[in-house]
Amino acid sequence: MKNMSKDEILINLSSIINEVIDASFTFSGADKIADIDGLDSIAMIQILSSIKSKFGVSLAVSEIVSLKTLNDLVDCIAFSLGEK
Amino acid sequence: MDFANYTHTIAFPFDNNAFLSSIKKIKRYQRENSIGCAGQTIRIAVLGGFTSALFVDCLEIFLRFGGFNPIFFVSDYDRFYETGFFDNPALSAFKPNLIYVMTCSKNFEHFPSFMDDGKTSTSKIDQEYLRFSGLWDALDSRYHCLIIQNNFEAPDVRYLGNLDRFYLGSPFYFTEEMNKKMFAYSMHHSFFHIFDFQNLQTRFGSSAFFVNDEWCLYKLAVSSQLIPTFAYRLSTQIASLFGRRKKVLVLDLDNTIWGGVIGEVGVSGIALGPNTPSGEAYLAFQRYLCALRDTGVLLAVASKNDFSNAISGLNSEYSLLKPSDFASIKANWENKSDNLMSISKELNVGLDSFVFIDDNPAEIDLVSKQLPMICTLLSLGPSQSMQLLSDSGFFETPSVSKDDQKRNEMYQANIQREQLASSFASYRDYLVSLSMVLTMDSFSPKNIERVVQLCNKTNQFNLTTIRYTEPEIEAFSKDPMRFCFCSDLTDKFGDNGIISVFISRFIKNDVVEIETWLMSCRVFKRDVELAVFNYFLSKMASRSIKSIIGRYSPTEKNKPVASFYRSLGFSFVKTENSVEIWSIDFQTALQKKGLPPIEIIEKDSF
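One line per chain: the protein sequences are R and U, in this order. Take 1 as the starting number for the first sequence in my numbering and just add one per residue. Take 85 as the starting number for the second sequence in my numbering and just add one per residue.
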């Protein structure tokens, strides 16, 4: 998990988002989080929970509120994985 | 999502993370498969002092999984007081059966300060309590329904250290006093029930219960990680209030209630008793099971064992559970599913009221597949089993009645009755030999708990399966347009407790309709229903009643009474919204009445 590339993180993250919002979208890293259909604050809570299960990292709410794109979230996960 | 995934994600013990990430899929699965739609509809108003959207989603999922059809009214964020206290046309139109006041200590308006003197601090507690009790009173007077209010969580931080608990101006002291007052309120108001927030906090730890960042960002007073558990626990409380408590706990023996395989190590070799850590743990688990038994849970055994070995284990020196504690013991080499079905038949209790616990994953898997209506728990050891049962909420109960406490005894007496029945050539001779006495009583505070319990959990001999809350039953007891009574049956083997509930309504001066008529499965085939009907006729005679209307609402479970009104001489009139309407002329009913060998006594309170 620690050596996961950012592309792999994005693939896993996409699968988590689709699971939570019950969709089958194809995401790119440049996609803005706020523009993803169905991704409200409640869904964001669920995604953080899934990130914890899948990647084993706990992102603090304060860490994610300033994120704009999926790439930002991927970076955040990659950074936390590197610190483990 | 397929059925296996769906069940695995929701059935207790579920994984909070997996649950949270699948909420939309679960909801879609439930919607597409109409899960819960045929179940009892409950209209739940959630008056929230903090964000409730995620919680309501989870609660709906669990209630549907439990066979209910919940419909929700959700107040605007942090408008719990205004929505509940003042007239609210939308809430009035919603007509709730249940209101959940979901608040936390952040909703206090008169929070103390360390600068307060004792008098000011006490006054603030009183003011805050008056604010909340005023809300509960207002809700009761407007909506006459069940109210659940959670108690308040202990503060997540300390100010004075150990002194917090006792210092008059501390948040800890304030919260504790509020909770004490809330408890006192619940003792005097039967419609009011407390959801134990503090147990959720202590069971999972303060840091798991509350995450300050989530409060700041989402106004969540319970962490997102715990919301499924929070909702699950409330769903089990609601299920118990509506009579869906599980009734039977079926236990494996070897490595479940004692350590080791008795057939191999003998009675002296099993781990049970105070002499080893393992034996002590099994003893503690047995003590827990004894406590469940004392609250009315029927215990049974399904074990792959020689019967004599099973009995010798239960009779061993340190076993707290003796053979007489079990309503049924199946110790043999048959398939466990067959044994469970046989126990169900013997006790006349549906398999959906069963919980089965076993240490063998293969047995759990088999039972789960063959009898999916049974809740199964895999035992990973006595301490874990105790915690699992505790967390499951399967045996949650809003009250413990005297009938609950002697339930095992009653089922034991039934076994004796069956043995006696086989010694008579004529069934009527057997009934006469029982010396049955049926005592009729009006609904009153001393029996209302049991009446509500029977209304909500009786499925087989229940002609309309209408469920009632305590406030509704209380209202019926005072309604001059209704004639209601309950019946207690005793015989030579003992007291069966209250076993029948009858609610009728005068729809015209000379026409009475039987709204609810139900009877406990424990007293089937004893002609009790004939005695109840005769008593009803005797009471109607003085009211110049000319005809009686009966209603039968067919369900999966009340097929045994499908022809009941016909057997009493009623004629079928029509079917209206899937409900069969039957009627009988009063004089005809008198002519056709049976003569059951049961003495009838009327309580003075009538």
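Read the hints as simulated data drawn from the structure, not as lab findings. Keep in mind the model is a prediction, meaning the values are calculated, not measured. For each residue, glycine too, the CB sits at the ideal point set by N, CA and C. A few of these clues could be false.
Claimed, not checked - Pulled a few chain U residues facing chain R out of the computed Cβ check, cut under 7 Å:
#1 L138
#2 N296
#3 S561
#4 E664
Claimed, not checked - Restricting the straight-line Cα-Cα distance to at most 25 Å, the calculated cross-link-like pairs of lysine-lysine (DSS-like) are:
#5 K592(U) with K677(U)
#6 K687(U) with K68(R)
#7 K68(R) with K658(U)
#8 K530(U) with K111(U)
#9 K630(U) with K52(R)
#10 K530(U) with K687(U)
#11 K32(R) with K109(U)
#12 K32(R) with K530(U)
#13 K429(U) with K190(U)
#14 K52(R) with K677(U)
#15 K331(U) with K592(U)
#16 K630(U) with K643(U)
#17 K643(U) with K592(U)
#18 K109(U) with K52(R)
#19 K108(U) with K52(R)
#20 K641(U) with K630(U)
#21 K453(U) with K486(U)
#22 K179(U) with K190(U)
#23 K111(U) with K331(U)
#24 K54(R) with K109(U)
#25 K630(U) with K54(R)
#26 K303(U) with K190(U)
#27 K658(U) with K429(U)
#28 K54(R) with K32(R)
#29 K609(U) with K453(U)
#30 K453(U) with K54(R)
Interface hint compliance - N296(U) to chain R, C-beta minimum distance less than 7 Å: 9 Å, violated
Decide if the proposed pair is consistent with the structure: K54(R) and K109(U), CA atoms, cutoff 25 Å inclusive. The hint holds at about 18 Å.
Proposed proximity, K630(U) with K641(U) (alpha carbon, max 25 Å): 32 Å, violated
Given the hint that K108(U) pairs with K52(R), does the C-alpha gap stay at or below 25 Å? 19 Å, holds
Interface restraint verdict for L138(U) against chain R (beta-carbon cut-off 7 Å): 5 Å, holds
Would you check the hint for K658(U) and K429(U), treating anything up to 25 Å between C-alpha atoms as holding? Measuring from Cα to Cα gives roughly 33 Å; hence the hint is violated.
Is the Cα-Cα distance between K303(U) and K190(U) 25 Å or less? 10 Å, holds
Keeping to a limit of 25 Å between CA atoms, is the pair of K630(U) and K54(R) held or broken? Cα-Cα ~71 Å, so violated.
Under the criterion that the straight-line Cα-Cα distance not exceed 25 Å, is the pair K32(R), K109(U) satisfied? Roughly 23 Å separates the two Cα atoms, so the pair holds.
Agreement of K630(U) and K643(U) with the hint, judged by alpha carbon distance not exceeding 25 Å: 29 Å, violated
Chain R contact restraint for E664(U) - C-beta distance below 7 Å: 42 Å, violated
Would you mind confirming whether the straight-line C-alpha gap from K609(U) to K453(U) stays at or under 25 Å? 33 Å, violated
Hint check: violations occur at hints 2, 3, 4, 6, 7, 8, 9, 12, 13, 14, 15, 16, 17, 20, 21, 22, 23, 25, 27, 29 and 30; the rest are consistent with the structure.
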